[in-house]
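S.K.: The hints should help you fit chain F onto chain X, whose structure is shown.
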Amino acid sequence: MGRVIFNRIAGAVPVILLVTLITFGLMRLIPGDVSAALGGISSTPAEREAIRKNLGLDEPAHVQLFKWYGGLVRGDLGRSHFLGKDVTQATFERLPVTVSLSAYSLVLTLLFGLLSGIVAALRQNTWVDQAAMMFAMIGVSMPNFWLGLMMIVLFSVHLGWLPTGGYVPFTQDPVGWLRSCTMPAISLAMLQIGLLARITRSTMLEVLRQDYVRTARAKGLPNYLVVGKHALANALIPIVTVIGIVVSLLISGAVVTETVFSIPGVGQLLTSAILNRDYPMIQGGLLYITLLLVGINILVDVAYAWLDPRVRYDGG
Amino acid sequence: MADSVAMLDGAPQIAAAAPGRSTRWDVARRLWRHRSFRFGLGLFAIVIAAAAFAPWISPIEPNKLAMRARFLPPSWDHLFGTDNFGRSQLARVVYGAQLSLMIGTAVVVINAVFGALIGALAGYFRQLDNMVMRVNDAVMAFPAVLLAIGVAAVLGRSTPNMILALSVVYIPRTARIVRSSVIVVRQMEYVQAAVAAGAGHWRILRRHILPNSMAPLMVQLSFLFAYAVLTEATLSFLGLGAEPPTPTWGNIMAEGRQYMREAPWIIAIPGAALAITVMALNLLGDGLRDVLDPRLRVQQ
Numbered sequence: 000m001g002r003v004i005f006n007r008i009a010g011a012v013p014v015i016l017l018v019t020l021i022t023f024g025l026m027r028l029i030p031g032d033v034s035a036a037l038g039g040i041s042s043t044p045a046e047r048e049a050i051r052k053n054l055g056l057d058e059p060a061h062v063q064l065f066k067w068y069g070g071l072v073r074g075d076l077g078r079s080h081f082l083g084k085d086v087t088q089a090t091f092e093r094l095p096v097t098v099s100l101s102a103y104s105l106v107l108t109l110l111f112g113l114l115s116g117i118v119a120a121l122r123q124n125t126w127v128d129q130a131a132m133m134f135a136m137i138g139v140s141m142p143n144f145w146l147g148l149m150m151i152v153l154f155s156v157h158l159g160w161l162p163t164g165g166y167v168p169f170t171q172d173p174v175g176w177l178r179s180c181t182m183p184a185i186s187l188a189m190l191q192i193g194l195l196a197r198i199t200r201s202t203m204l205e206v207l208r209q210d211y212v213r214t215a216r217a218k219g220l221p222n223y224l225v226v227g228k229h230a231l232a233n234a235l236i237p238i239v240t241v242i243g244i245v246v247s248l249l250i251s252g253a254v255v256t257e258t259v260f261s262i263p264g265v266g267q268l269l270t271s272a273i274l275n276r277d278y279p280m281i282q283g284g285l286l287y288i289t290l291l292l293v294g295i296n297i298l299v300d301v302a303y304a305w306l307d308p309r310v311r312y313d314g315g
Numbered sequence: 000m001a002d003s004v005a006m007l008d009g010a011p012q013i014a015a016a017a018p019g020r021s022t023r024w025d026v027a028r029r030l031w032r033h034r035s036f037r038f039g040l041g042l043f044a045i046v047i048a049a050a051a052f053a054p055w056i057s058p059i060e061p062n063k064l065a066m067r068a069r070f071l072p073p074s075w076d077h078l079f080g081t082d083n084f085g086r087s088q089l090a091r092v093v094y095g096a097q098l099s100l101m102i103g104t105a106v107v108v109i110n111a112v113f114g115a116l117i118g119a120l121a122g123y124f125r126q127l128d129n130m131v132m133r134v135n136d137a138v139m140a141f142p143a144v145l146l147a148i149g150v151a152a153v154l155g156r157s158t159p160n161m162i163l164a165l166s167v168v169y170i171p172r173t174a175r176i177v178r179s180s181v182i183v184v185r186q187m188e189y190v191q192a193a194v195a196a197g198a199g200h201w202r203i204l205r206r207h208i209l210p211n212s213m214a215p216l217m218v219q220l221s222f223l224f225a226y227a228v229l230t231e232a233t234l235s236f237l238g239l240g241a242e243p244p245t246p247t248w249g250n251i252m253a254e255g256r257q258y259m260r261e262a263p264w265i266i267a268i269p270g271a272a273l274a275i276t277v278m279a280l281n282l283l284g285d286g287l288r289d290v291l292d293p294r295l296r297v298q299q
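Chains as they are written, first to last, in numbering that gives the first Met the number 0: chain X, 0 to 315; chain F, 0 to 299.
Where hints are given, some of them may not hold.
The calculated lysine to any residue pairs, modelled on SDA-like cross-linking and capped at a C-alpha distance of 25 Å, are [to be verified]: (1) K66(X) to R27(X); (2) K52(X) to G155(F); (3) K52(X) to L154(F); (4) K63(F) to A253(F); (5) K66(X) to V138(F); (6) K66(X) to L290(X).
Read the hints as simulated data drawn from the structure, not as lab findings. All values derive from a computational prediction rather than experimental measurement.
So that you can see chain X by itself, here it is in the shape it has in the complex (with noise of 0.2 Å):
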């Protein structure tokens, strides 16, 4: 077990590299003069020059990336010229309401996604399985920021259900982080249970067609522990691997959705930051999501292997 996670840890290493390496190439990739984009039409050349200096653009490419990782190290990725506040601080101060957005998401992925996927297997081609996956189908169409203006309009504006937006944190008001973060995880997640539920059910029904479920049956166990015991927890370790890419489109959908639903998380400090064309904000919140990924995935991972056997003595 140790061993999987060095080997998931080492492997990462390279990986992560290129990947800050990517992150900082982003910001050579601006065409022009960088000085003149981030100071307006109007600066003046001794404005630019010191936009140049600030960002440390005066020095030669190795030394910039010396310095760079030198900053990375200690956490520090510049500042962001519109908040005032360094990149890692102001990421790191929005990144809970991401993450609580994001969870209920999961949840509801993981709920609606597995249920209809497990549902629809065992009920493969009658009504039930065509409607879940029809449904499956609309999910993973649908353009989430457009779901949720749509239940903005619907639930808020006709119906005054819920707020039309905002954020409320649940360690303050627990309802009203329910009324305020429904619509937006029901929008995040929607796409995510439409991937599940489909790739739930294609694996149960491999899993359905295996020797030890026929076994399972032809001893007479009764068939909520076949599906349970048997099938059920072999087709769960082929959809842990997923959770990783589950989770790495929530997130991605959250900078849309926090957008929409004027949420104040990370994915509406990046897109302000767009707005704004503040480039160490972008560069530092693009990474901190990314690595946070990766992070997230050494994790499944692991959890992989601690589920398999087979992937555990094998050293993965």
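M.R.: Below, chain F alone, put in the same frame as chain X:
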């Protein structure tokens, strides 16, 4: 957004059979018999027709202002209603379809070329593989939409930049799928026979390996088209697409957002058009996968 329908539910395995003329007909016939493929094809045909016949469907220019006809709800005169400048939403939506399909097609073509090239080289020349795949893994570690946002943000707002940003994000995903099928195909006896007969690398790749690794690529490209259209709309909704008043679906929804109380049709209709387009492409991808992927076919 949809990081990968294809990659998630069963990355397409290889149909290693050489596609002769008779198999090609066989595939076409099976696709036609596939119910959801046919449905997807029908939906997609409608979207293409709307884009192709845009000037005939709506003789009004998409950016023509009519200040006396502001916020008209859908009616016979204005099928999709009008917006805050009295612009015809029918015109804007059908011209938006043109842009969406154009961007989607461009991304698919660029991916087909570069994804196939990189994937084939990595799968064929094993010395290259490790390096290429590390870079691939790193790009894929970024959530797709976020990386597209980052690249589009630094490049600036324009349609070519959008195509570039989407291509950067999706080429590694395409390359990985091509690579895995090339690795399988290069073990085939007919490839060994070609090597024994003294064929060069280039000829083996072009004549033997690539044609036989096409099936998973086809499946991936149809899903890719769906993500490209969806991600483009998302990015332009966030203000990263072509500058307004260019009628992209994302732009229309971004502009209509502040009027969604009084005029919900401004956002409802382009969003529905987007959902229909994405669903059509997903259905086509499902059909292609079911027919081209022998592993899943057994299951049915």
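S.K.: Next step is simple, just say for each hint if it's right about the structure.
M.R.: Against the structure, the hints come out as follows:
1. Between K66(X) and R27(X), the direct Cα distance comes to roughly 15 Å. Compliance with the 25 Å bound is thereby established for this hinted pair.
2. Taking the CA atoms of K52(X) and G155(F), the gap is near 23 Å; set against the 25 Å cutoff, the hint holds.
3. With a C-alpha separation of about 22 Å, the suggested pair K52(X) and L154(F) falls inside the 25 Å cut-off, and the hint holds.
4. Restraint check for K63(F) and A253(F): satisfied, since their Cα atoms lie roughly 19 Å apart, inside the 25 Å limit.
5. The hinted pair formed by K66(X) and V138(F) meets the criterion: a straight-line CA distance of about 23 Å does not exceed 25 Å.
6. Simply put, K66(X) and L290(X) have alpha-carbon atoms about 19 Å apart, close enough for the 25 Å limit, and the pair holds.
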